[in-house]
Structures are given as structure tokens and as C-alpha cells.
Amino acid sequence: VVPWFLHQNGFERVTDSDSQGWSPLHYACLGGDPKLIQSLLANRADPNRRTRKDQVQVEMAPFASALTIATALKHHTAVGILLAARARVDVDLITPPICFAAMVNNPEGIRLLCQASASLDSANIFGISVLELAATYGAPEAMEEIFVQARTRAHNPNLSHALHLGMGMRGGNSEIISRLTSRRADVNYRYTVRSFSLVGVFISYKTLQQRFGKVTSTGRLCDGAHGSTPLMAAVKSGEFEGAAALIAAKARLDLTNYRGQTAADFAKENPVPAFILQALQGDPAECERISSLALADSFFEI
1 VVPWFLHQNG
11 FERVTDSDSQ
21 GWSPLHYACL
31 GGDPKLIQSL
41 LANRADPNRR
51 TRKDQVQVEM
61 APFASALTIA
71 TALKHHTAVG
81 ILLAARARVD
91 VDLITPPICF
101 AAMVNNPEGI
111 RLLCQASASL
121 DSANIFGISV
131 LELAATYGAP
141 EAMEEIFVQA
151 RTRAHNPNLS
161 HALHLGMGMR
171 GGNSEIISRL
181 TSRRADVNYR
191 YTVRSFSLVG
201 VFISYKTLQQ
211 RFGKVTSTGR
221 LCDGAHGSTP
231 LMAAVKSGEF
241 EGAAALIAAK
251 ARLDLTNYRG
261 QTAADFAKEN
271 PVPAFILQAL
281 QGDPAECERI
291 SSLALADSFF
301 EI
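Terminal number for the sequence shown in the UniProt record's numbering: 302, no gaps in between.
Accuracy of the hints is not assured; some may be wrong.
List time: in silico DSSO-like cross-link candidates among lysine-lysine, alpha-carbon distance up to 30 Å [to be verified]:
#1 K268 with K250
#2 K35 with K53
#3 K74 with K53
#4 K268 with K206
#5 K214 with K268
#6 K53 with K206
#7 K214 with K53
#8 K74 with K35
Hint data in this document are derived by calculation from the structure and do not stem from the laboratory. All values reported here derive from a predicted model rather than from experimental measurement.
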């Protein structure tokens, strides 16, 4: 099986790599064939070797290990084989495997990696933690597995920060909000931009672009981020189910960011549905109804 795979992919040896720094083992992990992966490892493929460049076709960042690739694609048997071959859980420079597991809503991957001593305190290159990534990508099953694993280890994540990040990205839904607020995440949390962090530098850069005329959705989200609440983030990012759920959870409407802007001010700058406008004007009934229906329709399985 190994000679055929090498020939089909333009390699001569198991230790070769292409111009992207991808080895035969990396490509094998895309398919997740356990027999092939075991054979490559038996022929001395390095389970901790990293790629050099990204692969846009599979949305894989550069400097990724075989373990990260298998985890991201939910090839659980392959993950087990790599871990048995002493693949490191912390070798990746950009996004560790457990962070990818959170991003792709992979609870089984989180479970396997934690059994191999991966840390729930791991973060990507921007300092965004495992739980925060689960919230950001709207991954409820992964989030629940993180909470399960946290019962047996020292882990004290910032739930309120995770809530805010989720509202600004893909996590603006009733289920994510319910899971965080049931554990006492603060719906009125005020986001602090740390100026000299990578995220802070990125926010400052996008804010400057926005002010000098290069208008983008990311720039709109970053502009005025300091001191903003999850509700403001949800309104700006268009996560209206999340905004409704926050309003139903009694998020305050009078809070302002560092510029003195309220959620209602951001609603004037962005097209928002009628039920959000009604709530911002003091009538939350429709938001409460929508949030209740959305939560009733949510379903997940561990």
C-alpha cells in the first residue's frame, strides 16, 4: 500500500515532502485510512513533522502536524494511531490539535486529546483558548465536552470573554448562549482590547482601515470594540438570534462602549430585523419568543 500511495502522490520516499512542506503522512491523514497511516509510521514517517505552508483547499493553516490534520477532519481512528505512535499534542505553532477540535465541533477529538494529556488551556497563535474557539465557531458539542473534561482538571476559563467572542463571530445562537450563561457567563461583560497583544494589534489595524475609508465587515466589528458588550457585538456582526437570546437573558440596553455608543446606536448603522429594533426600544417580547423557540429546536448528542 505504501509504494502505490507514494507513486500516486509524486513521492519517492516516506520522508519526502512537496513544495508546501507536506509529507506522505500529512496527505494520508487527509483521507484518514488507518492501514495506510500505520504502514507509513512503520516505515519511519515522523508523526511530529509539520507542514511549511497552508492548504487552502482543506482550510489547513501552515505548520500543521499530522495529528492536527486528522483531528480537524474527524478521523478518530487515525488520531488514536498517531497518539499511539507518540505524536505530540503541543507541536503545532499556529493552532494546536485540541483547538482545531473545538473549531470543527469535534467532541471525540477533544476527548482523545485530553486522554493524551492535551491541555484545555491551550490557545491558538492569537491567544484564543479552546473554549473561546468553541464559542467563536458555534460548536456546542465541543463546548460541552470541554466542560466535561474540565471536571477532572484545573481549568478556569473566562466564560464571559468566550460569550463576547462568540457573538462577534459564528457563535451567536441561543444554544451557545444558554450553555455559557447557565455557568454564569456575564451577558453584560465589557470587552477590553489589550493593545500589545496580537488580537489588539489586529483590531487597531482594522479600526484604522475603517476610519480611513476601507470599509469591511471585519473593520466594522473591530471599530468601537473596546468596552463593547456581547449584545453590541451580536448587533454589529449580524448574529440576530444571539442578540435576541441576550436580550431575553436580560442584557442591559443602556451600557456604552468607550465611545459612548449603545447597542441601539449600532443598530442604526446596520440593517437589523424588526424584533431587535422593538427590543431596543423597550419591548423584548418577540426576542423572548424567538429565543425560546430557537433553544427548543436545538439538539446535540455526546
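30 Å limit on alpha-carbon distance, applied to hinted pair K268 and K206: Since the Cα atoms of K268 and K206 sit roughly 21 Å apart, the hinted pair holds (cutoff 30 Å).
Pair hint K268 and K250, alpha-carbon separation not exceeding 30 Å: Holds, at roughly 21 Å.
Holds or violated: K53 to K206, with C-alpha atoms at most 30 Å apart: It holds: about 25 Å lies between the C-alpha atoms, which stays within 30 Å.
Hinted pair K214 and K53, Cα distance within 30 Å: OK: K214 and K53 at ~28 Å, within 30 Å.
Proposed proximity, K268 with K214 (alpha carbon, max 30 Å): holds, 20 Å
K74 paired with K35 [C-alpha distance capped at 30 Å]: Roughly 16 Å separates the two Cα atoms, so the pair holds.
Agreement of K35 and K53 with the hint, judged by alpha carbon distance not exceeding 30 Å: With a Cα-Cα distance of about 26 Å, the restraint between K35 and K53 holds, given a limit of 30 Å.
Agreement of K74 and K53 with the hint, judged by alpha carbon distance not exceeding 30 Å: Between K74 and K53 the Cα gap is close to 21 Å, so the pair holds against 30 Å.
Taken one by one, the earlier hints all hold for this structure without exception.
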